[in-house]
Each structure stands twice: as C-alpha cells, then as structure tokens.
Amino acid sequence: MYYLWVFLIGGFICMLGEVLLIYTNITSARILVTFVLIGVLLQAFGIFDPISQIARAGINVPIIGFGASLAKGAIMAAQSKGLIGAFTGGLETTAGGIAAAILFAFIFALIFRSKTKS
Amino acid sequence: MQVDEKKRNEAYNRYVKAKIPKTKPWPSLFNSFLVGGIICCLGQGINDLILIWFPNMSEQTAWAYTLITLIFIAAFLTGIGIYDKIGKFAGGGSIVPITGFSNSITSPAIEFKHEGIIYGICVKMFTIAGPVIVCGVVSSIIVGIIYLFI
Amino acid sequence: MKANQTVKFKNKPVIIGSYSIVGPKEGKGNFGPYFNYVIKDDSFGEDSYEKAEKKMLVSAIVGAIEDAKIKPNDVNLLLAGDLLNQIISSSYAARNFNFAFLGLFGACSTMAESMAIGASLIDGHQFDTVVCSTGSHFCTAERQFRFPLELGNQRPPTSQWTVTGAGACVLSSRGYGPRISMATFGKVIDFGIKDVNDMGAAMAPAAMDTMMAHFRDTDTTPDDYDLIVTGDLGKLGSEILIDLMEDQGIKLGLNYNDCGQMYYTRNQNTLSGGSGCGCSATIFNSFIMKKLRDGEYKKVLFMPTGALMSTTASQQGETIPGICHAIVIESDVVNNKDEDLKSSKKQYKIKKHK
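Protein chains in written order, with this note's numbering: chain A, 986 to 1103; chain B, 268 to 417; chain C, 32 to 385.
These aren't lab readings, by the way, just hints derived from the structure by calculation.
Virtual Cβ for every residue (Gly too), placed ideally from N, Cα, C.
Misleading hints may appear alongside valid ones.
What the hints assert, rightly or not - Listed next, the stretches of chain B that the computed footprint assigns to chain C, with coverage defined by at least 3 CB atoms under 8 Å from CB atoms of chain C:
#	region
1	303-312
2	317-330
3	333-339
4	367-373
5	402-415
Unchecked claim - Subject to a maximum C-alpha distance of 16 Å in a straight line, what follows is the list of computed EDC-like cross-link-like pairs (lysine to aspartate or glutamate):
#	chain 1	residue 1	chain 2	residue 2
6	C	329	C	255
7	C	225	B	277
8	A	1100	C	73
Unchecked claim - Sample of chain B residues facing chain C (criterion: CB under 8 Å; computed from the structure):
#	residue
9	275
10	276
11	351
12	390
13	395
14	397
Based on the sequences and whatever the hints tell you, model everything.
Take a look at the structure:
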C-alpha cells in the first residue's frame, strides 16, 4: 500500500521540477542544484526524516534524497567527530552514489557513442 | 539615445514575451508526475527486493545499493540512447530523480568521447552535474558547522 | 541621410553552379526531393560529427564545381564559414582544395554574406570565379551551443532545430544562370533579447533593419519580388518580422516566407522550425535555384539572418545581437518556356537518393 505514497509523493516532487522548467525556463543543471539544496535544507531543519518515513523512495530517489543524505552525514559526523566531521561526513554517506555515477559514466562512455536525436 | 534604446528593447522584450505561443502545461505536468512516480516506485521495488534477499542488511546500505542500481540503469539507458527520449516525454519527471543525475554525468561523457579519455570523458563528465556536487557539498558543510554550535 | 548599405552590381555576377547536401531528417522534410544528395546517416561515415560536417562541406563544394561544369583549377577563391568555434569545418574543408580561402563568420547569415562578398569581388574584376559555401550540423551545434545529445531535457516551444546540411554555389563573371544584381550588407542589431532558445526574436529586428535599408536604397517594395525569403527566423521570428515591418509601414504579403519555417513538416517535432547556416544554404542551393533556373521566380530577395552569440557571451549575461545580409537574384530566363525548361533541366539534374 505504501507504494501509493511513493508514487504520489515522488510524482509530485518531479512535477515541481516540471513546473520550474515550464514557468522559469531554467536548465536541468539548475533544477538539479535547486532540488539538492531543498534536500539539504529539509534535512537541516529536521523535516526530511518524518517525510521519508511515509514517502520512502518517493523522496529518497529524487535528488532531494541526495542532498538530504549529504546534510545528514555532515550533521551526524559533526556531532560525533567535531569540525572535521562537517567536512568528511557529507561525502562519506553519498560516496556510493557519486562513485557509481562516475564509474558507470566512464564505462558506458567507452562503449557507446552519441546518437542524433530525431 | 541610450534611454530610447533601453525603452525600445524593453518594449520589444514585452512584445516577444506576449508573442511566444503558450503551451498547455497540463499534459507535460501529468507526464512528469507519471514518470517521476514510476521511477520512485521502481526504486522502492529494488529496495524491497534487496531487503528480501539480504534481510540482515542495514537500511542505509540497502538504500545505497538501490541508488547505485538506479544510477546503473539510467547510465545504461543513456548509453543506448533511450534516456533522452524518456526525458523529452517526461521533462522534470526524469531530471529530478537520481537517474537524471546519472544521465547528466553519462551524457557529456559519451558526447565528448572523441576528444580523448582524459580531455574528453574525464574533463567533461561534470559539465552539468558538477554544480550539483559543488553546491551540495558546500551547503552540507555549512549545515554541519552550524550544527556544531547548536 | 544614412549611408548607402546596398551595392548594385554593374556586371551582375552569374551563379553558374549550385549543390546541396543534407542529413536524413532534412531529406524527409518539405524540400526532400529538391536536394542533390541526402546522406543516410548523420555521421556520414566519419567517426565524429565535426568531421561529418567538414565532409559535407567538401562534398557541397565539389558538387557545385561539377554542377558549374568547370575544373577545380578555374576557381580563384573559396568563401566559406560555419557555426563552430574558429570556423573549423570551413577551414578544414578548404584544406582539401587548391585555391585561396577566406573564412567568414556571419552565423546563419553566412550564405548571403559569402555570396555578397563574392559578387562584389567579381563585379570589381578582382576575381573571375568564386565558390561560396556554408554548412551546419545538428549534432555539432547542439553540443557547442546547448547540451549533450543524450541529456534527457525538453526543448522549449521557441527553440529551433539546427539543420544538418551544406550548400555551395559557384559565382562567375560569365556563363548562364541566375544573376546577382544587388546586395545589401546588414548592420548588427540588438533589441536586447537574452533567451538563447529564442533566436527568431533576437534576429527579426536585424532582418527588419536590413529589409528597410534595402527597400530604401533600391527604391523597391515587397511587390517587386516574386519571393522574399529570410533565413532561419522560424515560425515565431517570421511572425515577429511581419509585425515589425507593419510598424514600419510595409506589408509583407504571400511572397514572403522563411526557410526555417518551411523546412520541416509539422510532425517532425522541430517546434519553431529549422535554423543554422545549412538552413538557408541548402534551400537556396536547391529549391530557390531550381525555381530561378526554371524562370518560375524572376526576382528573389534572399536574406538569411544570423545570431552573433557565443555561449561565453550569453553566460556572462550579454544579449544576442543579430545580423542580416540581403542579396537580390534575378532569373536569366526569358519567357520562351519550352526552351528554358530544356536548358534548365540540362543544368539541374537531381541525383537519386542513394
């Protein structure tokens, strides 16, 4: 049943991105940055986790989740290790995703070539 | 003369803005909702499967594997030239999920392949996604430091 | 009183040969049957799209020289340009030929710019035979000005589709064919448009300015031409031009059209239409040349527009300046229809699509 929430919340967040695309004419890079910052803010104010309880993948799969886990890592590490934690924590929690994106991009770039649009 | 030109340009910009054909936003909003929702459900499905197969795995690790799987799928679809077709249909629906992040790293990497591995793939990989990582990291460090003091 | 921008040619240089080569999507467009050659695959057998663009330019130049029935050694000068940084396609294409080369940059207006300069040089007896050429490629333009091809983004409704194609024509002081009688060199006009996805609106004021200068200098009206055709304003831009001209008191009628707007069919998803150097170059060197040779059009005002922007400038918040050059081409066909058709058919053979 929670798949309904995943679908609704995930779809709604993506639709917000589309709203930005249509009404402000911004590029996709700016949209990604905006949503990462939203994620960081949600986590900083402690709102992310309650939403995540209900929405699950609906908020973790959008790039908001990426921002949130950056902030979460930085906050937790800062609280346990002090100042250095603020520097190391964020990338530690998100390292998997970034590394995977780099690796797969590299591999597929070696294999495939760009095709024209139709 | 300067003022005149400014006025003329402003008037022209207003005129052009009014002239641009208005498209109905509803179809594209619906498409982005649909595709975004489906991608999120796919992520949830992968996450559930991982937890079924490896019941002892911590939730955080399971999420990491989920995201890596999604990133892999998106990078592959980008490579075979399907992701941009999904993107054309879905707009925000395929940009906002983590798959859009993967697409924005893989697409320039493939595009600039001809400039060589170092100057092409490696250098250009972050032309679009670079700002995401920079802004995310900078803001998370600031948030971490703020949390030190409260 | 403003200075004259228009050159009237005494000897009226002749367009003795022309050639157009386009990509597969363009071949399926409205002008498909008119193009000399349609390539099967966008990469044209090369390993990068930049090389494909260069190869298209080379084929267009070779084709035009063949069409003119002259030898490459007869050519004095090549005038060419394209959209890429440092106009590499043209320069690298010129590497294959044994004649002098002048690289031009007029963005999408390059076809008229090169023909106007070529005609001036011939009219002044400086050169005898000049080849004018330009081309563009969707994939190279897209990655230089916009985003990688595989990025999943949507195109706004005002955006245009860069034409994959190249055109070339041979101008000469003697021979048979349509003649260039006048050329109006345009000024750079900027009405403060910043949106890089709305080139039509950025270039329309330049087209208006050049058109006004042309009508003023030559004392003509739109009715004096069988066809007035702009380069790549697209649907939106050409509507804007019609409005702008009306504000100036000149009504553009049915004889006005825009290459970008006509280029693709409705279901080819090109939104506002075609753009790029190749847009006006391929239509001019195929459709318009054929109609001029057949005598169906007697007098054509050809005025491609160009947006003189770069990604660096627009990222720094600069507005987009536009430019437009106009040339007048007159058909050499007199009314004796049968004979004309025969001779023009001889000159203009459309090769079958391979």
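For each hint, the structure was consulted:
Counting residues of the region 303-312 of chain B whose beta-carbon sits less than 8 Å from any beta-carbon of chain C gives 0, not enough to reach three: the coverage restraint is violated. For the region 317-330 of chain B, the assignment as covered by chain C is violated, since 0 residues bring a beta-carbon within under 8 Å of that chain's beta-carbons and 3 are needed. Check on the region 333-339 of chain B: 0 of its residues sit with their Cβ under 8 Å from a Cβ of chain C, so the three-residue criterion for coverage is violated. Chain C is given as covering the region 367-373 of chain B, and this holds because 4 residues of the stretch bring a CB closer than 8 Å to a CB of that chain, at least three being needed.
With 0 residues carrying a beta carbon less than 8 Å from a beta carbon of chain C, the region 402-415 of chain B misses the three-residue requirement, and the given coverage is violated. Only pairs whose Cα atoms come within 16 Å are accepted, and residue 329 of chain C paired with residue 255 of chain C is accepted, the gap being roughly 10 Å. Restraint check for residue 225 of chain C and residue 277 of chain B: satisfied, since their Cα atoms lie roughly 12 Å apart, inside the 16 Å limit. At most 16 Å may separate the alpha-carbon atoms for a hinted pair to count; residue 1100 of chain A and residue 73 of chain C meet this at roughly 9 Å.
Nearest Cβ of chain C to the Cβ of residue 275 of chain B: about 7 Å, under the 8 Å cut. The hint holds. Interface restraint check for residue 276 of chain B: the shortest CB-CB distance to chain C comes to about 3 Å, inside 8 Å, so the restraint holds. A distance limit of 8 Å between C-beta atoms decides the matter here; for residue 351 of chain B the minimum to chain C is near 5 Å, and the interface restraint holds. For residue 390 of chain B, the suggested interface contact is broken, since its CB lies about 13 Å from the closest CB of chain C, more than 8 Å.
Here the hint on residue 395 of chain B is kept, as its CB sits about 7 Å from the closest CB of chain C, short of 8 Å. Look at residue 397 of chain B: its Cβ only gets to about 13 Å from chain C, farther than 8 Å, so that hint breaks.
Hint violations for this structure: numbers 1, 2, 3, 5, 12, 14, all remaining hints satisfied.
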